[in-house]
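Hints given; two lone chains; assemble the complex.
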Amino acid sequence: MIELQTPISEDQIRALKVGDEVAITGTLFTGRDAVHKYLHEGGKLPPGVSFQGGILYHCGPVIIKDEAGNWKCVAAGPTTSIREEPYQWQVIRDFGLRGVIGKGGMGDKTLQACKEYGCVYLHAIGGAAQVLAECVKRVPNVHFMEQFGAPEAIWEFEVVRFPAVVTMDAHGNSLHKEVLAASQAELAKYV
Amino acid sequence: MNLLQDSLLELIRRTSAEIPEDVHRAILAALERERKGTIAESAMKIIDRNIALAKNKSQPICQDTGSIIFYIAGPVGLDQIAFEAAAKEAVKVATKKGYLRQNSVDSLTGKNDGTNVGPGSPTLHFHQHRSPEVAVRLILKGGGCENVGAQYSLPNEKLKANRDLDGCRKAILDAVLQAQGKGCGPGILGVCIGGDRATGYEHSKQQLLRRLDDTNPNPDLDRLEKDIVETANKLGIGPMGFGGQTTLLGAKIGVLNRLPASYFVSVSYMCWAYRRQGVSLAPDGGIAAWLY
Ligand code: SF4
Chain A
4 MIELQTPISE DQIRALKVGD EVAITGTLFT GRDAVHKYLH EGGKLPPGVS FQGGILYHCG
64 PVIIKDEAGN WKCVAAGPTT SIREEPYQWQ VIRDFGLRGV IGKGGMGDKT LQACKEYGCV
124 YLHAIGGAAQ VLAECVKRVP NVHFMEQFGA PEAIWEFEVV RFPAVVTMDA HGNSLHKEVL
184 AASQAELAKY V
Chain B
11 MNLLQDSLLE LIRRTSAEIP EDVHRAILAA LERERKGTIA ESAMKIIDRN IALAKNKSQP
71 ICQDTGSIIF YIAGPVGLDQ IAFEAAAKEA VKVATKKGYL RQNSVDSLTG KNDGTNVGPG
131 SPTLHFHQHR SPEVAVRLIL KGGGCENVGA QYSLPNEKLK ANRDLDGCRK AILDAVLQAQ
191 GKGCGPGILG VCIGGDRATG YEHSKQQLLR RLDDTNPNPD LDRLEKDIVE TANKLGIGPM
251 GFGGQTTLLG AKIGVLNRLP ASYFVSVSYM CWAYRRQGVS LAPDGGIAAW LY
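Chains as they are written, first to last, in the working numbering: chain A, 4 to 194; chain B, 11 to 302.
Careful: at least some of the hints might be erroneous.
[What the hints assert, rightly or not] PhoX-like cross-link-like pairs, simulated, lysine-lysine; straight-line CA separation at most 20 Å:
id	chain 1	residue 1	chain 2	residue 2
1	B	Lys-106	B	Lys-65
2	A	Lys-75	A	Lys-20
3	B	Lys-67	A	Lys-75
4	A	Lys-68	B	Lys-67
5	B	Lys-121	A	Lys-40
6	B	Lys-102	B	Lys-121
7	B	Lys-244	B	Lys-46
8	A	Lys-192	B	Lys-236
9	A	Lys-68	B	Lys-107
10	B	Lys-244	A	Lys-180
11	A	Lys-112	A	Lys-20
12	B	Lys-107	B	Lys-65
13	A	Lys-192	B	Lys-170
14	A	Lys-68	A	Lys-140
15	A	Lys-75	B	Lys-107
16	A	Lys-140	B	Lys-67
17	A	Lys-192	B	Lys-168
18	B	Lys-106	B	Lys-67
19	B	Lys-107	B	Lys-67
20	B	Lys-106	B	Lys-121
21	A	Lys-192	A	Lys-20
22	A	Lys-192	B	Lys-244
23	A	Lys-20	A	Lys-118
24	A	Lys-75	B	Lys-65
25	A	Lys-112	A	Lys-68
26	A	Lys-68	B	Lys-106
27	B	Lys-102	A	Lys-68
28	A	Lys-75	B	Lys-106
The hints are simulated quantities; they were obtained by calculation from the structure and are not laboratory data.
Please read all numbers here as calculations on a predicted model, not as lab measurements.
The following block holds chain B by itself, in its conformation from the complex (with noise of 0.2 Å):
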């Protein structure tokens, strides 16, 4: 094994078995919320002892330790075939290691074989910067939120939904409202206004990286995040769609442009075990800082 390696190892040990601390925030605050005695409390309850839980015994946080996203920025020059080797070589560690279940399914035949390392497992989304920093963030996203995400094409006549911010609005309500607690909420919402189908739901994801205390830079955008947030909690959904005060603990939305014939709303549904770290390396690929 190589720093690299161990590296990332250890960024998947620490993704899958700890929340990242501004989530963690909005957990207890939603505990709070709660009205007591209801079993909406009971859940929120449950889901701050199993945080705790998975921290100290350095265990997955949920079973489904979902699809593997690497998102790595990095200077001109990063070695990406090295690098997508040792990711891959880490997974498979992780995997045998127990900090990721076997959950990559060959999708013709069924097979699972056990290393969670095949065509599209993990994925890596290289990008490059200026800077001499090599950092690596990571996502676990599970299966059952992954399902309640959905795409919109606006207009759509029954939503009543137009090519403009209130349309958008209805979409991502109308995403909140068809996922009920189906997703493991409280729930995150990543959201993409336009790109196409597939860089819409990609943009959507990014969203994710953010911190769920950071402030859009557009006001416009800060504004709905805001308003989606407050809506989606009158609604009554609950943890789990068992009734309550909180529906969602974040949305965070971005904006690509579109062809003038497409208008796509693509929205991510995050659940409660939002997995998500980073990690800047120092030059020998040994572990810098955390980045959340």
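So that you can see chain A by itself, here it is in the shape it has in the complex (with noise of 0.2 Å):
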């Protein structure tokens, strides 16, 4: 298990390889499919608000007051990261994140992005709502609530020690290409 404390520098993102185990801590980002599409358009992110050396994370959480009028993560799994492919790239180079989290993998011109820019994909385990939000520690902060729905916000969340895998690495490695592939191959001979 690798640690990883946000900010992340460039270095030590370029450091990582597919398959390695990751524990992050510090700030992360959500953001989904209205995000995505309004960073694309050109939005811009709210006042105080910096991606800079930080990771997004594509969920949706379910999120409640507690009795203090505090935000509480009930669930915090990833979503599904393909639908952001046309528009990730765009945003990793833009805002200079270091990592993005999700599930299922993302394609070529992320894969792209990441060697270009010093960036890597992180897949959390999809449906792992529970594990995940226990790592959420706080939830300082939300902004697009209005906007886009609580699902589609972004949430900041403080983390300790976030379970992922790098899937995609800086290198022009992708473990999702990799697989399928193999699995192809293998298929061939059964059918």
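Rendered as structure tokens:
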């Protein structure tokens, strides 16, 4: 297990390779379809929010307000990342992301952007909403709540040892491509 | 709140927070099978821990609490309108309580009113039977796995799939290959051979109501179900598509008549977060028994 603390340097990111397990501590920003489309169309991040050296998490969490009036994250697994493929490369380039967390992997444009700008794709365990929510210790802020609704808003998560696997690294390798090719070859033997 | 509504609320809570026992057993067996120290094993461990946590905290297993699909079997005279109203109320309350995420979006405007009630949500399938029993089954089916569902029209030249069981097998295995880990595998397939485009998919989802450890009464389909699981697990796709031993936990195949001109194979993929429960209702609307 490799420990990562945000903000993350380019060197640290380039040292990672496909198959590495990481535990992330620091800040994650959630962002899914509405946020990607908005940023792609030239939208600005809210004042005080910066993705530099940061990690964007493809996640539409379930958040409630506790008795004290604080946000509390009760479920926070990843959502399917490939929907952001048309936009992700640009968000990596323009906002200085060092990591993108999601599930299912992404395509060539994102892989290329990871290589070019120093970023990795981190696969969280899809459906593990509770284990991952336990890693979210505090939810200090939410942005675009009105505009996009709760699952689509940008939530700020303070996380401790959030587990993920590097499935696309900054050297052009993709575990998704490897497994697809190997399973395709294997299936050919049985049909 | 009336008793029926309370019962449906409890059905939703339990479906969202607890994996049915048959599925849990299959997941534990899959965890055992993975090679120690691999990322596939890590993934299965996290899944196992997640199942325990969700149950203990009575929180959603997965944050995508999915399409809300009720299957109701009841006697002649069951008031479907009142039942539907109770189900919608229960869904609203369940959403407020956080058993369900605010998960239903107006397709044209993109607006989410936060209630989970709207056109098509929840979906209710009513079915009459002769017994006085009212049995309510619920599936919460997430979007990630729904997106990797597939429908094939045979013959399919590319797959060399003809209009026979071997052709069906090729189509189903292709669906597994295309899905990779994207539907949060290890997955469970519900398949329908035949029907039209709508009934085919619908029947494929109904297969997911079957227990994982049941046996298909049709020996040909039973053989095909076992073969699909065995073959899929040789492909090395593994949990989450990380590579590994378990790609599928099960496959359930049903069949409908078709038109001479059509031959559909419809595949619904269910993620490991297999949320399916059911209750048998007492005459007063309370829960008499759990069905899984
Ligand atoms: S596919 Fe299933 S486990 Fe994965 S995110 Fe969707 S609902 Fe959750």
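Here is how each hint holds up against the structure:
no. : hint                  : in the structure
1   : B/Lys-106 - B/Lys-65  : holds, 19 Å
2   : A/Lys-75 - A/Lys-20   : violated, 33 Å
3   : B/Lys-67 - A/Lys-75   : holds, 14 Å
4   : A/Lys-68 - B/Lys-67   : holds, 16 Å
5   : B/Lys-121 - A/Lys-40  : holds, 16 Å
6   : B/Lys-102 - B/Lys-121 : holds, 17 Å
7   : B/Lys-244 - B/Lys-46  : holds, 18 Å
8   : A/Lys-192 - B/Lys-236 : holds, 18 Å
9   : A/Lys-68 - B/Lys-107  : holds, 11 Å
10  : B/Lys-244 - A/Lys-180 : holds, 18 Å
11  : A/Lys-112 - A/Lys-20  : holds, 18 Å
12  : B/Lys-107 - B/Lys-65  : holds, 16 Å
13  : A/Lys-192 - B/Lys-170 : holds, 14 Å
14  : A/Lys-68 - A/Lys-140  : holds, 14 Å
15  : A/Lys-75 - B/Lys-107  : holds, 13 Å
16  : A/Lys-140 - B/Lys-67  : holds, 16 Å
17  : A/Lys-192 - B/Lys-168 : holds, 16 Å
18  : B/Lys-106 - B/Lys-67  : holds, 17 Å
19  : B/Lys-107 - B/Lys-67  : holds, 13 Å
20  : B/Lys-106 - B/Lys-121 : holds, 17 Å
21  : A/Lys-192 - A/Lys-20  : violated, 30 Å
22  : A/Lys-192 - B/Lys-244 : holds, 10 Å
23  : A/Lys-20 - A/Lys-118  : holds, 12 Å
24  : A/Lys-75 - B/Lys-65   : holds, 18 Å
25  : A/Lys-112 - A/Lys-68  : violated, 38 Å
26  : A/Lys-68 - B/Lys-106  : holds, 11 Å
27  : B/Lys-102 - A/Lys-68  : holds, 18 Å
28  : A/Lys-75 - B/Lys-106  : holds, 14 Å
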